[in-house]
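Enquirer: Residues per chain, in single letters:
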Amino acid sequence: MKEYFSNIFTAFSTVWTGMKITFKHLFIPSVTIQYPEVRLQLPERERNRLYVNMDDCIGCDQCARACPVNCISIETVKSVPGDDLGKTSNGKKKALWVTRFDIDFAKCCYCQLCVFPCPTECIYMTDVYEFSEFDRDKLIYEFSTLTKEEKREKLERLDRHYNEREADKLGRM
Amino acid sequence: MSFESKENIENKSAVRTEEMVLNMGPQHPSTHGVLRLEITLEGELITKVTPHIGYLHRCFEKHAEAMTYPQVIPYTDRMDYLASMYNEIGYVIGVEKLLKIEVPDRVEYIRVIMGELQRIASHLVALGTYGVDIGAFTPFLYCFRDREKILHLFEITCGARLLYNYIWIGGLSHDLHPDFVRLTREFIKDFKPNIKELNNLLSYNKIFIDRTANVGILPVDTAINFGVTGPNLRASGINWDLRKDDPYSVYQKFDYEIPVGEGKAGTVGDSWDRYYVRVREMEESLKIIEQALDTLPDGDIASAIPKRIKPPAGMIYTRVENPRGELGYFIISDGSINPFRVKVRAPSFVSLQIMDELCRGHLVADVITILGSIDIVLGEIDR
Amino acid sequence: MIYDVINNLTGSPVLSAVIVAMLPLFLFILPFALVAVYLERKVSAHMQDRLGPMRVGYHGILQTIADIIKLIQKEDIIANENDKLLFNIAPVLVFVGSYAAFAAIPFTSVYIGAQIDLGIFLIIAVTGLVVAGILMAGWASNNKYSLLGAMRAAAQIISYEIPTILVVLSLVMMTGSMNLYTLSEMQTGYFWNWNLFGGSYDLLQKLLLIPFMLIGFIIIYISTLAEVNRTPFDIPEAESELVSGFHTEYSGMKFAMFFLAEYANMFAVSAIVAALFLGGYQSPFGYLGNLIGAEWLVSIEQFLWFTIKGVGLVLVQMWLRWTLPRLRVDQLMTVSWKYLIPISFVNLIIIGLITIL
Numbered sequence: 001m002k003e004y005f006s007n008i009f010t011a012f013s014t015v016w017t018g019m020k021i022t023f024k025h026l027f028i029p030s031v032t033i034q035y036p037e038v039r040l041q042l043p044e045r046e047r048n049r050l051y052v053n054m055d056d057c058i059g060c061d062q063c064a065r066a067c068p069v070n071c072i073s074i075e076t077v078k079s080v081p082g083d084d085l086g087k088t089s090n091g092k093k094k095a096l097w098v099t100r101f102d103i104d105f106a107k108c109c110y111c112q113l114c115v116f117p118c119p120t121e122c123i124y125m126t127d128v129y130e131f132s133e134f135d136r137d138k139l140i141y142e143f144s145t146l147t148k149e150e151k152r153e154k155l156e157r158l159d160r161h162y163n164e165r166e167a168d169k170l171g172r173m
Numbered sequence: 174m175s176f177e178s179k180e181n182i183e184n185k186s187a188v189r190t191e192e193m194v195l196n197m198g199p200q201h202p203s204t205h206g207v208l209r210l211e212i213t214l215e216g217e218l219i220t221k222v223t224p225h226i227g228y229l230h231r232c233f234e235k236h237a238e239a240m241t242y243p244q245v246i247p248y249t250d251r252m253d254y255l256a257s258m259y260n261e262i263g264y265v266i267g268v269e270k271l272l273k274i275e276v277p278d279r280v281e282y283i284r285v286i287m288g289e290l291q292r293i294a295s296h297l298v299a300l301g302t303y304g305v306d307i308g309a310f311t312p313f314l315y316c317f318r319d320r321e322k323i324l325h326l327f328e329i330t331c332g333a334r335l336l337y338n339y340i341w342i343g344g345l346s347h348d349l350h351p352d353f354v355r356l357t358r359e360f361i362k363d364f365k366p367n368i369k370e371l372n373n374l375l376s377y378n379k380i381f382i383d384r385t386a387n388v389g390i391l392p393v394d395t396a397i398n399f400g401v402t403g404p405n406l407r408a409s410g411i412n413w414d415l416r417k418d419d420p421y422s423v424y425q426k427f428d429y430e431i432p433v434g435e436g437k438a439g440t441v442g443d444s445w446d447r448y449y450v451r452v453r454e455m456e457e458s459l460k461i462i463e464q465a466l467d468t469l470p471d472g473d474i475a476s477a478i479p480k481r482i483k484p485p486a487g488m489i490y491t492r493v494e495n496p497r498g499e500l501g502y503f504i505i506s507d508g509s510i511n512p513f514r515v516k517v518r519a520p521s522f523v524s525l526q527i528m529d530e531l532c533r534g535h536l537v538a539d540v541i542t543i544l545g546s547i548d549i550v551l552g553e554i555d556r
Numbered sequence: 557m558i559y560d561v562i563n564n565l566t567g568s569p570v571l572s573a574v575i576v577a578m579l580p581l582f583l584f585i586l587p588f589a590l591v592a593v594y595l596e597r598k599v600s601a602h603m604q605d606r607l608g609p610m611r612v613g614y615h616g617i618l619q620t621i622a623d624i625i626k627l628i629q630k631e632d633i634i635a636n637e638n639d640k641l642l643f644n645i646a647p648v649l650v651f652v653g654s655y656a657a658f659a660a661i662p663f664t665s666v667y668i669g670a671q672i673d674l675g676i677f678l679i680i681a682v683t684g685l686v687v688a689g690i691l692m693a694g695w696a697s698n699n700k701y702s703l704l705g706a707m708r709a710a711a712q713i714i715s716y717e718i719p720t721i722l723v724v725l726s727l728v729m730m731t732g733s734m735n736l737y738t739l740s741e742m743q744t745g746y747f748w749n750w751n752l753f754g755g756s757y758d759l760l761q762k763l764l765l766i767p768f769m770l771i772g773f774i775i776i777y778i779s780t781l782a783e784v785n786r787t788p789f790d791i792p793e794a795e796s797e798l799v800s801g802f803h804t805e806y807s808g809m810k811f812a813m814f815f816l817a818e819y820a821n822m823f824a825v826s827a828i829v830a831a832l833f834l835g836g837y838q839s840p841f842g843y844l845g846n847l848i849g850a851e852w853l854v855s856i857e858q859f860l861w862f863t864i865k866g867v868g869l870v871l872v873q874m875w876l877r878w879t880l881p882r883l884r885v886d887q888l889m890t891v892s893w894k895y896l897i898p899i900s901f902v903n904l905i906i907i908g909l910i911t912i913l
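Residue numbers (this note's numbering), protein chains in the order written: chain A, 1 to 173; chain B, 174 to 556; chain C, 557 to 913.
Since the hints were derived computationally from the structure, they do not count as laboratory data.
Treat each hint with caution, since some may be false.
List of simulated lysine-lysine pairs, DSS-like, C-alpha gap at most 30 Å [as the list claims (entries may be wrong)]:
| id | chain 1 | residue 1 | chain 2 | residue 2 |
| --- | --- | --- | --- | --- |
| 1 | A | K24 | B | K483 |
| 2 | B | K369 | A | K24 |
| 3 | A | K2 | A | K24 |
| 4 | A | K24 | B | K379 |
| 5 | B | K483 | A | K107 |
| 6 | A | K2 | B | K379 |
Pairwise CB distance ranges, derived in the manner of DEER restraints [said to hold, decoys possible]:
| id | chain 1 | residue 1 | chain 2 | residue 2 | range |
| --- | --- | --- | --- | --- | --- |
| 7 | B | K460 | A | N70 | 41 to 47 Å |
| 8 | B | L335 | A | E121 | 23 to 29 Å |
| 9 | C | W893 | B | E191 | 26 to 32 Å |
| 10 | C | W893 | B | L335 | 44 to 50 Å |
| 11 | B | L335 | C | L583 | 32 to 38 Å |
Glycine included, C-beta positions come from ideal geometry on N, C-alpha and C.
Build out the structure end to end from the sequences listed, making use of the hints.
Expert: Structure follows, in structure tokens:
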């Protein structure tokens, strides 16, 4: 009998405590923001879309090897002696033409493992997160700055260089 | 014509009671992930529950055989996506033991801080979603508001909110942000009254206690026979926590208690106990974080990271205390740059097995109560 | 009075009776249902530290209209195995059951939908149609989950009608009339004369009655909360357990009818509780119209007070919904049969004794 009434009493008192809490929260300003008119300021170490600065890339393939999902594809062509590709920003001389540098963002898992091995720090993560596309093929970003004719031209020059060297060797023999 | 004995034919034409099979399919608002439960009912009482898993299998263990040791870490993140730090810590401690390297003290302290913050975040999700299953929609939003602050702390340190790739073999990927200590202390100060508010709103509410007390009682010997660990075991009354009974990292240096279920609202080991043990664990984690912040040593976080990770051939089994139980990694190395085998002992996998035992004799509405109190994550179960 | 005006206009008593009974429906309840949906979303959002609808119109005022337009233009899905007749009639029954009760509710002293001497009796009888509608909806959906939900809803509503009727009985005993209009008229004066505080009797009887009136008020509030299937009694529509219960299979306008019927029902029961206990349309402090000598202002003020009391009780219902978890089915039945009914019986006897004295 006593339990009957104490049940009723605890029911009312706990319900009343809960109601007081929600009533208090009616007057607390909201913690949500109205995206997309208001955007959050992202911290500096934020890991979103990758960016590659092709002027600094020496084509060493370290980032492609470090990637766990194989989303970076790199193809390079050796430069012929006498070609001047310029220097990177920390003074290294570049020796490879980077003909293909594709990153497939549909596969990228934003783990940041490609950023650390880069010797020139040319690949890094920006804070861009609004890059959705309707078509999955558009998510393959091509960073290489050479046009198709230039790539063909570099390959032909390399072939000619090797052929001349072979001809030289045969000639000397 | 079938040759059956006379007794069998008589039995077949006798009256049978109907047994209904109810399917809580892979898509359901309350199973935490893609889990299929096949419930056999007799009237409203349950006679058998069969869980069907495998809807989230992503071949983690096979992938691990093809990656190098550092490349496995993003994959371990994605198993138990609500407690990623612990997945990384378990794997990394195992590989470090194989390599026989010692990490600096600062790295250990930061790992403990990140781990305990992750424990609080994971328990907030478990408690909030449990409230929604029971029907109280408001504590869910309060829990997630607090969890946002923790995820912000993680974001300023390593750049990601949920899948971190922060704990590396031999150290960490980034040192703490200069604002981290100040923001964490603010968070601790704001969070203590919020736990009290959560208790007043949900834990001590009579309706909540009526829904969860004496439901799904897990007896001690059943728990030990099945191999259940973590808060589910502690709620049944046993004081077993890997941070105190098999310490790893620097947990011996801190002073904290292990909450054990006492049956305050019903019997020992019911759903309310499992829920309440998690609330108390959050409070204890706050104590550990405070002590770690006070005694954080200086040092270099990257000095012990080897250039090329090639452990000598051998095997090792490490275990850490996940928010859901004992997470174990069994790593076999054959001397090359890829591990030969990485096997994971997921705590939710073991905890899901007790569903059948616990649900017998209860009503259908209790299935969701019991499932929510066990706190499973399908990513861990299916890997 | 309005009845006379319309009677003069049309000249046929039957037609004008119908129009007078339908007026609160279109002028007040339908707009109220639209406002109530918006209000619930905003109140729940602010209780949960978020904002709620903000984009459609200024701070989301037009959100309900957008929702109704969306629901109207949806495809009306009827599966092959559904019982077509029952499936189509069920929402109509639920809608009618909720809205027809408004005919007997006193909005002001000069206007009441239908002057019936059996006001309360009519309301309780008509809201019983809702049970039939829910059972039809559950059966015709050909869905195991919907059937379970519908049966639970029927059991719940029927169990909770009993405490409601007992409390109403005790009040009818005390005041001697079933007409809601008479009941409201008997509570004139300041708020001290409200039935919650003992009604307009002499002081000793009033003081004796106050605790029992309070108990009756709480009992009827809880029972009517269960009748409209609001949390903590919303097992029939529990989202996480039965995926929307008996109205899972409905889409488009039929779903909108269930939806609007729920909010109208909420207001109906709040209005009944207000009329019974809180003085109906009487103001607690006296009338501004009487003060300044404008008699026509009094009825408008009464309407305002009635709305304030009704909406206030609706807001408390919403407040309870977002605070409390849900009760399980057998606990629901326990609360009704083991707690509410015995207490309301005892209450009835004691109030009867005090009234005789």
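Enquirer: Hints first: check each against the structure and report whether it holds.
Expert: Verification of the supplied hints:
Restraint check for A:K24 and B:K483: not satisfied, since their Cα atoms lie roughly 58 Å apart, outside the 30 Å limit. Proximity of B:K369 to A:K24 is assessed by CA-CA distance (about 14 Å); at most 30 Å being required, the pair is judged to hold. With a C-alpha separation of about 33 Å, the suggested pair A:K2 and A:K24 falls outside the 30 Å cut-off, and the hint is violated. A C-alpha spacing of about 20 Å is found between A:K24 and B:K379, which places the hinted pair at or below 30 Å, so the restraint holds.
For the hint pairing B:K483 with A:K107, the CA-to-CA distance comes to about 27 Å; that is within 30 Å, so the pair holds. Note on A:K2 and B:K379: the hinted pairing holds, with a Cα-Cα distance of about 17 Å set against a maximum of 30 Å. The beta-carbon spacing between B:K460 and A:N70, approximately 44 Å, falls within the hinted interval of 41 to 47 Å. Checked against the hint of 23 to 29 Å, the pair B:L335 and A:E121 passes, with Cβ atoms roughly 26 Å apart.
Separated by about 27 Å at the C-beta atoms, C:W893 and B:E191 satisfy the suggested range of 26 to 32 Å. Between C:W893 and B:L335, the C-beta spacing of about 48 Å keeps the proposed range 44 to 50 Å intact. For B:L335 and C:L583, the Cβ-Cβ distance of about 52 Å falls outside the hinted range of 32 to 38 Å, so the restraint is violated.
Consistency with the previously given hints fails for numbers 1, 3 and 11, ordered from lowest to highest.
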